[in-house]
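Just so we're aligned, residue 6 is where the sequence shown starts under the working numbering, counting upward by one.
Each hint should be verified, as a subset may be incorrect.
Quick list of simulated restraints, FRET-style, between CB atoms [claimed, not checked]: (1) T77 - D17: 18 to 28 Å; (2) A25 - E73: 33 to 43 Å; (3) L37 - A8: 19 to 29 Å; (4) M23 - D68: 16 to 26 Å; (5) F28 - P48: 18 to 28 Å; (6) D11 - R50: 33 to 43 Å; (7) F71 - A19: 10 to 20 Å; (8) D14 - A42: 35 to 45 Å; (9) A8 - R33: 33 to 43 Å; (10) L67 - E26: 17 to 27 Å; (11) D11 - A42: 45 to 55 Å; (12) T89 - R50: 28 to 38 Å; (13) G7 - T89: 40 to 50 Å; (14) D17 - H41: 35 to 45 Å.
The hints are simulated quantities; they were obtained by calculation from the structure and are not laboratory data. Given the structure is predicted, the values throughout are model-derived calculations rather than measurements. The C-beta atom is built at its ideal place from N, Cα and C for all residues, glycine as well.
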Amino acid sequence: MGALRDSIDNIDAAVVHMLAERFKCTQRVGQLKADHALPPADPAREARQIARLRQLAESAKLDPAFAEKLLTFIIAEVIRHHETIARS
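Make a model of the complete structure from these sequences and hints.
Here you go:
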């Protein structure tokens with residue numbers, strides 16, 4: 006069981022680092038949006054991303070509803086960051 010838990014810990018660390026990289030990219034997108042007076046949210050892009058992630062989840066044998074909830078949470082945080090950038 007220890008080896009499995011070590012693997013889980015390593016995967017969790019990788020997830021955190023990948024999310025950090027993702028947020029670095031979305032921060033740059035937020036700055037570009039603010040510089041060009043674009044809205045913080047892009048519902049069409051978000052819908053495409055959710056559909057894409059649901060398909061990826063199905064291929065990976067992961068519950069698509071869970072994947073959608075996770076991405077929806079991430080998108081909400083990104084929009085919050087973009088709104089903060091736009092106000093500054």
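Taking the hints in turn, this is what the structure says about them:
Against the hinted window of 18 to 28 Å, the Cβ-Cβ separation of T77 and D17 comes to about 21 Å, which satisfies the hint. Separated by about 22 Å at the C-beta atoms, A25 and E73 break the suggested range of 33 to 43 Å. Taking 19 to 29 Å as the suggested C-beta distance range, the pair L37 and A8 does not conform, at roughly 44 Å. For the pair M23 and D68, the beta carbons lie near 19 Å from each other, so the given range of 16 to 26 Å is met.
Between F28 and P48, the C-beta spacing of about 20 Å keeps the proposed range 18 to 28 Å intact. Roughly 37 Å separates the CB atoms of D11 and R50, a value that falls within the hinted 33 to 43 Å. Our hint of 10 to 20 Å for F71 and A19 holds, since their Cβ atoms are close to 18 Å apart. Checked against the hint of 35 to 45 Å, the C-beta distance between D14 and A42 comes to roughly 44 Å, which is consistent with it.
Range check, A8 to R33: Cβ separation about 38 Å, and the 33 to 43 Å hint holds. Distance hint check: the CB atoms of L67 and E26 are about 20 Å apart, consistent with the given range 17 to 27 Å. At about 49 Å, the beta-carbon gap between D11 and A42 stays in the expected band of 45 to 55 Å. Judged by the Cβ atoms, the range 28 to 38 Å given for T89 and R50 is violated: they are separated by roughly 19 Å.
Roughly 42 Å separates the CB atoms of G7 and T89, a value that falls within the hinted 40 to 50 Å. The hinted range of 35 to 45 Å is satisfied by D17 and H41, whose Cβ atoms lie roughly 37 Å apart.
Violated hints, in rising order: 2, 3 and 12; the structure is consistent with all others.
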